[in-house]
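A.B. asks: Listed below, chain by chain, are the residues.
2 protein chains.
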Amino acid sequence: MSNPIAELIELLTQENISTTAINQAISSMPPDDVALALESIPVAQRRFVWDSIKQTNRLDILVEMRGESRLLLLKELNEFEIAELFSDVDAEDLLEIADSLPDPMIDIALQKMDAKQRDYYRQGVTYEEDEVGRWVDHELLVAAQSIRVSEAMRLFRRTTASYSNTMYLVNRTGRWVGCVHLKTLLNAQPHEHVSELMEEDFPFLEAQTDVIKAADLLEKSEVSALPVLDENHLLVGRFHAGHALEARRLEQEAVQMSNTGLDEDSDLFSPVRRSATSRGLWLGINLLTAFMASAFIGLFEATLEQVVALAVLMPIVASMGGIAGSQTLTLIVRGLALGQITRANLVSLLKKELQVGGLNGIVWSLSIGAVVSWWFQSPLLGLVIALAIVINILMAALSGVIIPVVLDKLKIDPALSGSVILTTVTDIAGYIAFLGLGTLLLL
Amino acid sequence: MSNPIAELIELLTQENISTTAINQAISSMPPDDVALALESIPVAQRRFVWDSIKQTNRLDILVEMRGESRLLLLKELNEFEIAELFSDVDAEDLLEIADSLPDPMIDIALQKMDAKQRDYYRQGVTYEEDEVGRWVDHELLVAAQSIRVSEAMRLFRRTTASYSNTMYLVNRTGRWVGCVHLKTLLNAQPHEHVSELMEEDFPFLEAQTDVIKAADLLEKSEVSALPVLDENHLLVGRFHAGHALEARRLEQEAVQMSNTGLDEDSDLFSPVRRSATSRGLWLGINLLTAFMASAFIGLFEATLEQVVALAVLMPIVASMGGIAGSQTLTLIVRGLALGQITRANLVSLLKKELQVGGLNGIVWSLSIGAVVSWWFQSPLLGLVIALAIVINILMAALSGVIIPVVLDKLKIDPALSGSVILTTVTDIAGYIAFLGLGTLLLL
Chain A
1 MSNPIAELIE LLTQENISTT AINQAISSMP PDDVALALES IPVAQRRFVW
51 DSIKQTNRLD ILVEMRGESR LLLLKELNEF EIAELFSDVD AEDLLEIADS
101 LPDPMIDIAL QKMDAKQRDY YRQGVTYEED EVGRWVDHEL LVAAQSIRVS
151 EAMRLFRRTT ASYSNTMYLV NRTGRWVGCV HLKTLLNAQP HEHVSELMEE
201 DFPFLEAQTD VIKAADLLEK SEVSALPVLD ENHLLVGRFH AGHALEARRL
251 EQEAVQMSNT GLDEDSDLFS PVRRSATSRG LWLGINLLTA FMASAFIGLF
301 EATLEQVVAL AVLMPIVASM GGIAGSQTLT LIVRGLALGQ ITRANLVSLL
351 KKELQVGGLN GIVWSLSIGA VVSWWFQSPL LGLVIALAIV INILMAALSG
401 VIIPVVLDKL KIDPALSGSV ILTTVTDIAG YIAFLGLGTL LLL
Chain B
1 MSNPIAELIE LLTQENISTT AINQAISSMP PDDVALALES IPVAQRRFVW
51 DSIKQTNRLD ILVEMRGESR LLLLKELNEF EIAELFSDVD AEDLLEIADS
101 LPDPMIDIAL QKMDAKQRDY YRQGVTYEED EVGRWVDHEL LVAAQSIRVS
151 EAMRLFRRTT ASYSNTMYLV NRTGRWVGCV HLKTLLNAQP HEHVSELMEE
201 DFPFLEAQTD VIKAADLLEK SEVSALPVLD ENHLLVGRFH AGHALEARRL
251 EQEAVQMSNT GLDEDSDLFS PVRRSATSRG LWLGINLLTA FMASAFIGLF
301 EATLEQVVAL AVLMPIVASM GGIAGSQTLT LIVRGLALGQ ITRANLVSLL
351 KKELQVGGLN GIVWSLSIGA VVSWWFQSPL LGLVIALAIV INILMAALSG
401 VIIPVVLDKL KIDPALSGSV ILTTVTDIAG YIAFLGLGTL LLL
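In the order they appear, the protein sequences are chains A and B.
Residue 120 in the working numbering is what sits at position 120 of the first sequence, and the numbering runs on without skipping anything.
Residue 210 in the working numbering is what sits at position 210 of the second sequence, and the numbering runs on without skipping anything.
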């Protein structure tokens with residue numbers, strides 16, 4: 001295989017692999033790739049690999065691991081090993097892993113830190129995981145707005161940080177007042193004051209801004225890092241393109257996973273009982289909705305006994321509604337996320353979705369009706385399923401618009417829970433329409 | 001409402017709104033926000049708003065619009081208006097909108113361009129939409145590797161491009177040989193040759209690299225832009241953090257939309273017939289799978305006639321399998337995307353998923369069995385559903401691992417088609433297990 005992670009996994013899962021061979025393979029790989037490979041081998045084998053990794057590389061790899069995988073590994077280590085591991089952790093790394101560390105471990109790590117890093121950490125933890133204040137780094141160039149260009153250039157020459165081509169200027173009380181571009185300084189005279197070259201309208205982020213919103217703002221601003229300020233306009237740090245890219249990557253993963261009730265921190269080899277528990281909750285919610293649907297089918301037991309073909313066909317009606325409704329729901333959820341849905345266009349949207357649903361409902365119900373008439377040699381049964389499909393697809397369009405809008409008003413994320421509610425509605429509506437019409441027309 | 005886009009939508013949907021009022025509202029907003037608002041009003045009203053927008057702002061707004069919305073608008077314009085619109089389009093903008101333009105319109109735009117931009121365009125279109133060669137910009141600083149620091153600094157002072165803190169160096173044949181950081185130049189003497197300061201191992205991208213992979217590489221490299229090279233190591237352009245953030249944002253949208261068979265270019269107010277056609281295909285695919293499932297239920301008509309409770313309960317068995325299978329599928333799809341799944345760990349993974357499935361299957365089937373025994377006063381029916389659920393959840397775990405791996409081997413994206421195939425399998429397996437056991441044990 002040409003993929004280096006796959007090659008490392010193959011190597012690590014071999015029996016009797018030597019410490020030297022592991023170290024050699026790992027030495028040339030970036031820590032995030034090693035972390036991925038470590039997460040790809042069964043939990044029981046990880047400890048041996050971990051012990052083979054050089055002490056100096058361990059922390060970087062640990063930081064790159066997923067929450068659950070990290071916790072599984074840390075549980076295996078004793079207090080001495082953990083203290084050694086955290087001997088030179090910085091605030092940024094500790095913030096990234098804090099959520100999967102028990103408090104005593106965090107205390108050990110904090111004791112090892114210098115005062116400045118400890119302050120950064122304490123400031124960082126005051127923000128939520130999805131607030132940009134938690135995502136900052138502190139390698140920013142800060143200077144008093146009173147300095148001259150020559151002094152500013154001296155600072156620029158010395159910095160070793162990535163994404164650094166702006167200097168953050170503060171006033172006497174330490175409040176951020178604006179930024180100056182390196183390029184501006186290059187075109188200025190050494191004795192000029194930077195305050196005269198400063199961009200006062202340079203964009204900034206409030207520390208409590210959602211990190212995905214912050215990534216949007218960074219993208220729009222076309223700079224590689226933005227200052228992050230607290231409510232007093234004091235600098236919390238900066239949010240750079242690398243972190244913004246990471247935030248979007250993790251967000252996409254989280255959305256994908258949460259669609260099936262999974263946690264994005266899940267380990268590929270999470271212990272069986274742990275996995276079963278976390279997934280079981282979602283199965284339970286689904287079970288409740290399935291029982292609800294069954295209860296409605298139960299109302300029509302007498303009909304089903306007489307026309308068993310209804311039982312054969314009822315999943316078709318439910319599933320067509322579910323698919324059509326999910327399409328509308330997805331479109332509306334995207335519109336809500338982009339701020340496109342307002343009172344002003346909601347009615348037009350609903351009308352349009354009902355029209356689309358109506359058209360598709362008619363087209364497909366004619367085909368389904370024809371197939372069913374022929375299959376069961378009963379034009380009346382064909383009519384029943386055709387009508388039920390039209391009704392359910394219209395119901396799906398209506399629910400697909402209304403459910404996410406209502407959830408949004410209730411401050412519940414429609415991307416997470418919209419789909420479960422919608423399919424429950426379309427299942428039940430489908431069964432009632434189909435079995436109800438069957439009772440009326442076929443008995 | 002505090003959201004500026006929502007406010008603009010409210011304004012634009014008012015009756016008798018004046019051109020002046022529209023222009024005033026739009027003037028302070030970035031083009032992407034105006035584009036979003038324009039996409040949020042019914043198609044019939046857009047032409048009037050468009051005509052109110054100043055000629056100089058129109059192209060920027062058009063570029064920011066979604067493919068379908070853009071096409072709907074362009075269809076309304078006459079040839080003269082289109083020629084005017086494209087009077088100063090550049091290669092980058094034209095590449096972004098080319099897919100929604102008919103060829104004659106592209107020809108008009110190409111005629112308006114200068115020779116350099118036309119070359120950029122022609123090079124860009126040789127790459128696919130998802131290849132990074134199509135995503136480059138050309139505002140890069142290029143110089144011969146033979147120049148001195150003083151000359152390089154002069155070039156740096158003059159550039160107005162964002163994300164510019166590296167210079168791209170080429171040899172006599174025009175091939176890229178490496179980069180030099182602005183910071184390195186700042187710390188060098190004016191008479192030094194840049195070739196001695198150059199980083200030869202500066203990371204670069206091949207133009208045919210997938211743009212999402214390119215964004216990963218940019219994130220890892222911790223620089224704000226990477227050079228993009230063709231197969232001869234000639235510079236195609238550069239890929240910067242702004243484009244990488246955009247690529248990830250659009251990718252996430254596309255994945256979300258495609259889960260329900262929608263195109264990410266879809267307009268919120270797409271014309272009814274157009275919408276119905278594009279969504280109808282997905283409904284049709286789903287209909288086929290639903291008919292397949294019904295055909296299997298049909299095999300058990302005789303059983304259903306005698307034990308109608310089976311008809312009432314069968315959706316529960318199918319849906320529990322679907323949910324459990326989707327959880328496994330999602331985990332495996334993520335693992336495949338990250339390169340974590342190899343021959344070496346596939347068997348361990350399958351074993352673990354079967355164990356999780358088995359455990360959850362037993363726990364939930366006991367509860368379901370108990371509820372059903374009580375509901376229908378039939379312990380035997382409870383036993384039938386409990387067994388069927390265990391079987392279907394195990395089947396789901398097996399399919400959840402095997403389906404994406406096989407699709408991946410066949411070069412079919414498992415994130416797109418895995419879910420439809422999986423739920424078809426779990427539906428059919430669920431019906432067969434439940435109705436089959438019912439036939440054996442209850443008749």
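Source of the hints: derived by calculation from the structure; they are not laboratory data.
Source: prediction; values computed, not measured.
Any given hint could turn out to be false.
It does not matter which identical chain is meant; a pair holds if it fits inside one copy or across any two.
[What the hints assert, rightly or not] Below, in silico cross-link-like pairs of lysine-lysine (DSSO-like), each with a Cα-Cα straight-line distance of 30 Å or less:
hint, residue 1, residue 2
1, Lys-220, Lys-183
2, Lys-183, Lys-409
3, Lys-220, Lys-116
4, Lys-220, Lys-75
5, Lys-112, Lys-183
6, Lys-409, Lys-220
7, Lys-75, Lys-351
8, Lys-409, Lys-116
9, Lys-411, Lys-75
10, Lys-213, Lys-112
11, Lys-411, Lys-220
12, Lys-220, Lys-351
13, Lys-116, Lys-351
14, Lys-54, Lys-220
A.B. asks: Between copies, within a copy, both or neither: which fits Lys-409 and Lys-116 at Cα up to 30 Å?
C.D. replies: neither (42 Å within a copy, 51 Å between copies)
A.B. asks: How would you label the pair Lys-220, Lys-183 (within, between, both, or neither) given a Cα cut-off of 30 Å?
C.D. replies: both (20 Å within a copy, 25 Å between copies)
A.B. asks: How do Lys-220 and Lys-116 come out at 30 Å by Cα distance, when the copy is not named: within, between, both, or neither?
C.D. replies: between (32 Å within a copy, 27 Å between copies)
A.B. asks: At most 30 Å between alpha carbons: which applies to Lys-411 and Lys-220, within, between, both or neither?
C.D. replies: Classified as within: same-chain Cα gap 26 Å, cross-chain 35 Å, threshold 30 Å.
A.B. asks: Please work out whether the CA atoms of Lys-411 and Lys-75 approach to 30 Å or closer within one copy, between two copies, in both situations, or in neither?
C.D. replies: neither (37 Å within a copy, 39 Å between copies)
A.B. asks: Indicate which option fits the pair Lys-183, Lys-409 if close means a Cα-Cα distance not exceeding 30 Å: within, between, both or neither.
C.D. replies: So Lys-183 and Lys-409 fail the 30 Å test inside a copy (46 Å) and across (50 Å) alike.
A.B. asks: With 30 Å as the alpha-carbon cut-off, assign the pair Lys-54 and Lys-220 to within, between, both or neither.
C.D. replies: Intra 42 Å, inter 22 Å, cutoff 30 Å: inter-copy only.
A.B. asks: First find the shortest C-alpha distance between Lys-220 and Lys-75 inside one copy, then the shortest across copies, and answer within, between, both or neither for a cut-off of 30 Å.
C.D. replies: Answer is between: at 29 Å across copies they meet the 30 Å cutoff, but 43 Å inside does not.
A.B. asks: Evaluate Lys-220 and Lys-351 at a C-alpha cut-off of 30 Å and name the case that applies: within, between, both or neither.
C.D. replies: neither (34 Å within a copy, 47 Å between copies)
A.B. asks: Indicate which option fits the pair Lys-75, Lys-351 if close means a Cα-Cα distance not exceeding 30 Å: within, between, both or neither.
C.D. replies: Classified as between; 23 Å across copies, 56 Å inside a copy.
A.B. asks: Between the shortest in-copy and the shortest cross-copy C-alpha distance, which are at most 30 Å for Lys-112 and Lys-183: within, between, both, or neither?
C.D. replies: Close neither inside one copy (39 Å) nor across copies (33 Å); limit 30 Å.
A.B. asks: Given identical chains, is Lys-409 near Lys-220, meaning Cα to Cα at most 30 Å, within a copy, between copies, both, or neither?
C.D. replies: within (27 Å within a copy, 39 Å between copies)
Hints 2, 5, 8, 9, 10, 12, 13, counting from the list given before, are not met by this structure.
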